[in-house]
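Each chain is listed here by its residues.
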Amino acid sequence: MNTSRVQCEVSLTVNGELRNLRVYPMERLLDVLRRQLGLTGTKEGCGEGECGSCSVLMDGALVNSCLVPILHAHGVRITTIEGLAEGPLLHGLQDAFLKCGGAQCGICTPGMILAACQLLNEKPQPSLEEIREGLSGNLCRCTGYTQILEAVAEAAGRGSAR
Amino acid sequence: MNIVKSEHIVGMSVPRKEGRDKVTGRALYIDDMTLPNMIYGATVRSSIPRGRIKRITFDPGIRWDEFVIVSAKDVPGQNCIALIVDEQPCLADGVVNHPEEPILLLAHADRHALSKAVAAVTVEYDPMPALFSMEESEQCKEIIHGTDNTFKTYRLEKGDVDSVWAKADFIVEGEYFTGAQEQLYIENNGVIASFDQEHGITVWGSMQCPYYVHRALMKLCKLPENKVRVVQTETGGAFGGKEEYPSMIAGHAALLAMKSGRPVKIIYDRMEDMAATTKRHPSRTRHRTAVSKDGKILGGEIEFTVDGGAYTTLSPVVLSRGTIHAGGPYYWPHVRIRAKAVATNAPPHGAFRGFGAPQSIFAMERHMDRIAATVGISPAEVRRRNFLTTGQTTITEQRIREAIDLEQLLDRGLALADYRTKRDSFRKENESSTRKKGIGIATFLHGAGFTGSGERNLSSEVAVAGTADGRVQVLVSSTEFGQGTKTVLCQIAAEELSLSFEDVEMVQPDTGQVPNSGPTVASRTVMVVGKLVQSAALGVRQTLTACGLLRHGYSQQEFREACSKYVAKHGRLLSRARYRQPAGVFWDDEKYRGEAYAAFAWAVYIAEVTVDLTTYSVTVDDFVALQEVGRVLHPVLARGQIIGGVAQGIGFALYENVVWQNGRMQNGQMTNYIMPTSADLPPIRVYFEELGNEYGAFGAKGIGELPMDGPAPAIVNAIEDALGVKIDSIPVLPENLFEAMATSSPGHREFRPSNEAQ
Amino acid sequence: MRSDPADYELVVPGSLRDAVSLLAAQPGIWLPIAGGTDVMVQFAAGKLVAQNLVSLWNLPELRFIEVNDKEIRIGAGSTYTELRKHDVVKREFPLLASAARWTGGIANQNRGTLGGNIANASPAADSLPPLLVYKADLILVSVHGERRVRYVDFHTGYKRTQLTPHELIRAVCLPRSFAGYFSYARKVGARNAQAISKVCVAAVAQVHEGVVADVRLAVGSVAPVPLRLLNTEKVVEGRVIDEALILKAREAARGEICPIDDVRSTAAYRAQVTGNLVAEFLEKLAASGNNA
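Residue numbers (the numbering used here), protein chains in the order written: chain A, 2 to 163; chain B, 110 to 867; chain C, 736 to 1027.
Bound-form chain A, shown alone (with noise of 0.2 Å):
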């Protein structure tokens, strides 16, 4: 049938900020925050929705940008890894990444972090099973996962949810 060669518009909130743009809306999320946003801190791994790297919350839930078509994020609150932080203030997590060796390459670490992060706002206090189940969509070349689950144990036990 057509091709229909014809772009949309479409709001969302990013990080805070109301954005509204004018796209295909077949482009993937993660191309937007990427390109047309600047946001690059959101990685492209896979492309396919196995590796993680591309994970953002949308509307507070972990979902893989690289399998979002633009215009399904229409209306919605978006948060990046840039988003986390307050200015300087580095949110619970990132401290606890840091300290506890969760990045070594960094390149799998945005996603992984948003993904600890929808894990202990949904439970604060997770067991380690927990932890492993919440960030088991996050896959991690160098570090063998076990500084990663310490960095977000250690973030629960300072109270992180936000």
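Some clues are possibly wrong.
As the list claims (entries may be wrong) - Straight-line C-alpha distance at most 27 Å; calculated DSS-like pairs for lysine-lysine:
no., chain 1, residue 1, chain 2, residue 2
1, B, K276, B, K331
2, C, K782, B, K225
3, B, K537, C, K1019
4, C, K825, C, K782
5, C, K820, A, K124
6, C, K805, C, K825
7, C, K825, A, K124
Unchecked claim - Derived coverage of chain A by chain B (criterion: at least 3 residues anywhere in the stretch with Cβ under 8 Å from a Cβ of chain B; other residues may be distant):
no., stretch
8, 38-51
9, 78-87
10, 96-102
11, 110-123
12, 137-143
Please keep in mind that the hints were generated in silico from the structure rather than gathered at the bench.
Heads up, the beta-carbon is just placed ideally off N, CA and C, and yes, glycines get one too.
Since the structure of chain A is already known, use the hints to place chains B and C on it.
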């Protein structure tokens, strides 16, 4: 040797230098960057394993005049990716030798138009017969490389192996296989290249070795040293997969930049990266060992073969390291090792953490358990009776001079793993369970730094500089890709200069700015380059002291002032240090004899597994990683390296399988190439011992690759312990285990789960 | 990313009626997309044939879970996360709750929908065997109204279903008649999370006067469609569970399935493991103390 532990920064878990940027999303990786006027590049690749290119047609539906098109004819210099030999074409010229081999390059401002254009190029071939396994290659029914399909051979002899067979009480044979493994860095390969007449070529990208890329571009683009500049950007994982491969992608981007006159970005997507780039060399090791009745190795023959893929690339060096590690941490009075790297029509295999050692050590450690079973002693005991001790020589006749006590290390490992108690209780529990438990040991060594004369040939150089505002910079070509290069080298310099960690930074590895301190490989960065950084830092202090600007016992503030004054007066403060091979160290490249490595790290790894006979899947329940590493310079980073390496080793053993068809990887997606998630790994318990190392910074040995060597054999030894089934090939997928059990013993009854208590 | 977004149209209908009207106006042209966890993967790989997509994401008429005395009605647009969290699903339909937990990771559970999974009709989908076991009915909707079909009839072949080109799945209905049943579910994948099934089994049964009663057994990934093992059920129904019965059940199960070799696993492995899981189910049923 005394370790002076009065340091304040070395030995502490100081904050990762670039950590804050990484946790805030501010760290910039190559795909996060754009340049003005930049266009995108992509690669048209071979769809067959071997053949002549007959014709290339361009679908008339595409506006080809909008595209930059580069072929082999456009190469200004030599159409090769310079490495050990200048053999691998940058772009195929009439002939292809592996699936995914690059043939043409396209560039366009619109990456979607580009993607459609790649699909619109049709290449027609006259296919030629191709080889897909080591066995096919050895048989030489078709010659695809040289005269006998062999890239390289080594023959290592110690003593007189032919004399041992007659004295043997047992002759133990075994054949062991390891498969290809994908490095699977989460950041795919990517570069940006720009060209202009004045500056020449500049390349930014994800890489381990800027000077390797620099050298390759000089030859490819026919440019002098000062007209090529390579800059490493924040790199999202590498593990060897970005040691040699970046020269290829950089060469492609450079050619497009030269032809178009615009900056060109090439980023692979996951499918392309998996299918087209390097993997760990598949291997086959054959052992034939003469053993005394009390389980001592009298001597033996080892045949070690690796599959190098279609071009030589790094196979000679992978083969070399695998050969030298093939005897494990044991005393071999007599040994003959015949090693070869053979050609097949697959994308060339390449560097991956361990670099040949995980392959040959897998075989050695499986074989030790085989010897134990044959002789009738325990796996722990057979190792005890054969461990190298201080004063003995390795298979290359390198004398062990340090006071390593492997028996004690093994004892400690066994205690940490609660080995004996568990082994006994598992035997009992297994009788009435469908979930069989087992525990297995691997003991091994890993040599750090380049082999033999390698470090001397590299002749690495570093510099430490003082800045106008009194701070210190470390200038090295060593790269950070998660393992902690920046942090540890700054620790070393800060410690040496009695400054705070915050006062020292490492300059971005840019061949226009930093000296060639060698590649970031071979577990050499902390040990070798770190020691040079320590020297150069000392040189800075000596310079300032010598001209009277700095007194003994200075404060940090005094240092800053002295440094500023010096720079104000002299323009710059720079101290260089160059590697010099220690005296009394000899290595014979012909006979493969002598001091292979400046230092060995030693390890005992113990894996506890459960084999679920309902699904044939193996889970690692507990893992003890105990290693002697000279000196731990940064506890959190060191632990992180070990855990991460063990995780990759567990993947190598149980999960990671490349499905090949006609030389091409069929499962090149993260959905189908399986690496462990957080739900698959146990807590990995890490323990260190420190004997020091006179050749390493502050006594450190290299540890980056060590953890890759032990997990696979420890796990497979544990599986055999659980089931009594011999498995000599990895990965052990459930399908493979099922098949091994079904065929393992005559009269093997179909297993039926019995009633078990809930 | 191997597709050009400019070549695709995606419309968000204001209502379910608008959605089905579109399908009726141009049958076969519009591909529904719900959470996108399947369609977007094909899109990125350059393999999405359809160029016109109609979004079902977040349509209120599809995103609900209603409970009455007789049945639970799950809107097709319910996500796996919603299934996991719902009290009645957890309590009375644990096989569906566990399947939801095993599908992808948290991020994909937040977006993947039950209706999308059913319509996509992959035989490897984890939530489909539970629907077979729980006697699901589907409510299909079009401009002509609604019709109710038995889920057991829904899959007609590999990735083919009873859905006509102008229909959508509206809801999944499960009768609330499984309290007091013993349930068993097991998924076998390549790893513990984020894995496509090599085999997945879902089963319920009761033990009544010492024999198996009302056993319902379904398997995924071993046939072109998710499969009820009707012969195997007949073999065990009304019998006492002993070693001989388990052996018969294994043989019956292997006879009903037709697994294949593919990039993920082998036919031989899948066949063996199916038999093992059927046996494990019966062992556990016997040991469960269920006594209806």
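Starting from K825(C), check that the Cα of K124(A) is at most 27 Å away, please. Holds, at roughly 18 Å.
Count the residues of the stretch 96-102 of chain A whose Cβ falls closer than 8 Å to any Cβ of chain B, and tell me whether that reaches three. Result for this restraint: holds, n = 4.
Going straight from one Cα to the other, do K782(C) and K225(B) come out at no more than 27 Å? The hint holds at about 13 Å.
27 Å limit on alpha-carbon distance, applied to hinted pair K805(C) and K825(C): holds (17 Å)
Would you mind confirming whether the straight-line C-alpha gap from K537(B) to K1019(C) stays at or under 27 Å? Holds, because 23 Å separates the two Cα atoms, which is no more than 27 Å.
According to a criterion of three or more residues whose C-beta lies within less than 8 Å of a C-beta of chain B, is the stretch 137-143 of chain A covered? holds (count 7)
Holds or violated: the stretch 110-123 of chain A covered by chain B, criterion of 3 or more residues with Cβ-Cβ distance under 8 Å? holds (count 3)
K820(C) and K124(A) were given as a pair; does the straight-line alpha-carbon distance stay at or below 27 Å? Between K820(C) and K124(A) the Cα gap is close to 13 Å, so the pair holds against 27 Å.
Holds or violated: K276(B) with K331(B), Cα cutoff 27 Å? violated (61 Å)
Are there at least three residues in the stretch 78-87 of chain A whose beta carbon sits under 8 Å from a beta carbon of chain B? Three-residue rule met by the stretch 78-87 of chain A, so holds; n is 5.
Counting residues of the stretch 38-51 of chain A that have a beta-carbon nearer than 8 Å to any beta-carbon of chain B, does the count reach 3? It holds: at least three residues are needed, and the stretch 38-51 of chain A offers 11 whose Cβ sits within less than 8 Å of chain B.
Quick one, are K825(C) and K782(C) close enough, alpha carbons at most 27 Å? Measuring from Cα to Cα gives roughly 36 Å; hence the hint is violated.
The structure is inconsistent with the numbered hints 1, 4, although it conforms to all the rest.
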